[in-house]
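S.K.: Taking the hints into account, I'd like the entire structure generated from these sequences.
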Amino acid sequence: MPQKDSVRSIGLIPSGYDRFWNNLIEENMTEVNESEISDDLENLSLHPVDINSATLEDFLRVPFLNYQDAKAILEYRKTSGKFFSTNELRQVKALSNVLICNILPYVTAKTYEMIPASAFTLRAEPDVSPIPEVDLRLRMLSNSLYNKDVTAGTYSGTPFKLYNRLKVNSKDRYQLAFILEKDAGETPLSDFSSFHLLLNFLKPFEGVLIGDYTLEFGQGLALWSPYGYLRDGDAVSSLQRQNKGIKPYLSTDENSFLRGGALSFSLKGLRLSAFYSNNARDANLDTASGKVTSFYTSGYHRNLRESMKKDKVKEVLFGAYADYQLNEILKAGILYYHSEFSRSFLESSPSGLSGSRFDIFSLSYKLFLEKVMISGEAANAGRKTAFNSSMELIITKEINALISFRHYPRGFPSLHSSLSGGSSGGFRQEAGIYCGMNFKTPLGTFGIFYDQFKKEKQSYSLPANGNKFGMSFSFSTAKNLKMNFRYRNGDEEICDLRDPFAGTVTRQSRTFRADLRMDFTSSLFIKLHGSLNRYMDTKEDKKEKGFLLYEETAVSRSMFSLSARISYFRTESYYSRIFQVEYDTPGSLANSFLYGQGVRWFINLRGRIFQGVSVSMKYSETYRSESLQMPEEENNSLSLQLDVKL
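Residue numbers (this note's numbering): 2 to 647.
Hints were generated in silico from the structure; no laboratory data involved.
One or more hints might be untrue.
DSS-like mimics (lysine-lysine), calculated; alpha carbons at most 25 Å apart, straight line [claimed, not checked]:
no.: 1; residue 1: Lys332; residue 2: Lys372
no.: 2; residue 1: Lys168; residue 2: Lys204
no.: 3; residue 1: Lys455; residue 2: Lys540
no.: 4; residue 1: Lys83; residue 2: Lys94
no.: 5; residue 1: Lys204; residue 2: Lys149
M.R.: Below you can see the structure in the form of structure tokens.
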């Protein structure tokens, strides 16, 4: 009989965690502390995919797995029977050691038959307990920079960032959650609040949700959660979308969710979902006309200027989505939604939007063949039609490839989309082609991709033309030594913000990253990381370099985990800054950008006080030495978190 895997030690960082987030940050090139994705990964590790009953689409939801890998696991299960444990994945010859190490936190081998997946992310499990689970999370963050800003009067509120979440879950019956959050510098303790109630026992519905939620349908062209497009470092699986339907909202992004209600039911392969939302969004307004120039997405309301942007425009949205599954060969979906804003968009804004009412209709599809998976979506809004289409091919057992086309015209209302693409900017307005290929060899896995994109019309502050090229190599040994190498080369033409009438300027970036991780035991590892960055600006003939080196050690036992990292960085200016992903308290990751010359270190401690109660702490310091361009600077931060599970 299949056996359940042993319980993992508390808090040890999975081997693929940093790789996943490093690639995400590299694509976004911004400083983030995004809890939604972290919560998704944490939830997936707590409720892993059962490799003994998972379907093809279930496997494709696991980070790092592409179509070729998922097919290989299913073929092995078909010929050899159920897995005795997740360690048996090492018998699947098509899976590399690095890949197996990366996916182990998100898979398990169970003995029972799982209930079929629903349109809701919250899944039912057969071992139902009548006693609800209560999950309380309290988090506090203090940073010396905010302390100085509050003392100087820059911000009016307290210098602490606070996050409070209460979640009650009764397995297959209901889930209830409340969230209160304030950013550092804000005055109200509940500057942001969120609530949802998910009911799973109201027949014939699969689920009924009231409150805050996000939607993931099709391929993300019309409706998707804000951070649904994740490049996990694989040149082939990067663009494939596995929708999760209706997701209860547990994040703190104040402008990326719907507020109202949603429901779903299915009948013989046909699934229908309906939704309604009435929500306010922060926005920047044109002083003369009062029209919306752009959405204000930072969520900060720390002073009068920022507070004046809060809830400036209301959006009423409603619609429906239906999809049909034909065995495991074809899945087709149709979507319609209507969105109406209380204010019109300024026609000359970078988004290219105009008016206040939008009707969006889309068709999506997935076709699963023996050696090919084809997926895509086409969406229409008035006179604007956007589309994307991808084809993944299994060429041999060692080689798979992906080719993808996309077209996002200027003025297409990607209000709730998550569009793949190569250009920067909030509203993607481009046409492009992406090609990627993976090679599995006895030495390791090689990946290569090329992305060419072009603007249909040049617009202020957005790219005109560009391309991205990348290579990667990863391997591991039987002695738990893992190495990853990654190179990225990007060129973009953009309008010069300093002189928008001077035409475009080409900006180039070159990045090389190397990681070495040695797992001495299941509870002890050491990691070494190096990054080289080069930034070039053709107009000013600017050529700058930067590098980052760090060493991290982590140890984990049954009652505690401890990790520490020390980093040394040096860049010529802010333009050649380097990003560093850090594991924060559970449910949170931090991405810090480092520039100048200096040292950053942190220590992360997590411990279980007694059954159901754990505490987490992270303390960090950054010291930047004085240079000709930047003054000396020192700051520190402290995060404290309490988790109670009853």
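S.K.: Run every hint past the structure and note whether it holds.
M.R.: Hints and how they fare:
Restraint check for Lys332 and Lys372: satisfied, since their Cα atoms lie roughly 17 Å apart, inside the 25 Å limit. For the given pair, Lys168 sits about 23 Å from Lys204 by alpha-carbon distance, which is consistent with the 25 Å threshold. A distance of roughly 20 Å separates the Cα atoms of Lys455 and Lys540; the hinted pair therefore holds under the 25 Å criterion. In summary, the hint linking Lys83 to Lys94 is supported, as the alpha carbons are separated by about 16 Å, within the 25 Å threshold.
With a C-alpha separation of about 55 Å, the suggested pair Lys204 and Lys149 falls outside the 25 Å cut-off, and the hint is violated.
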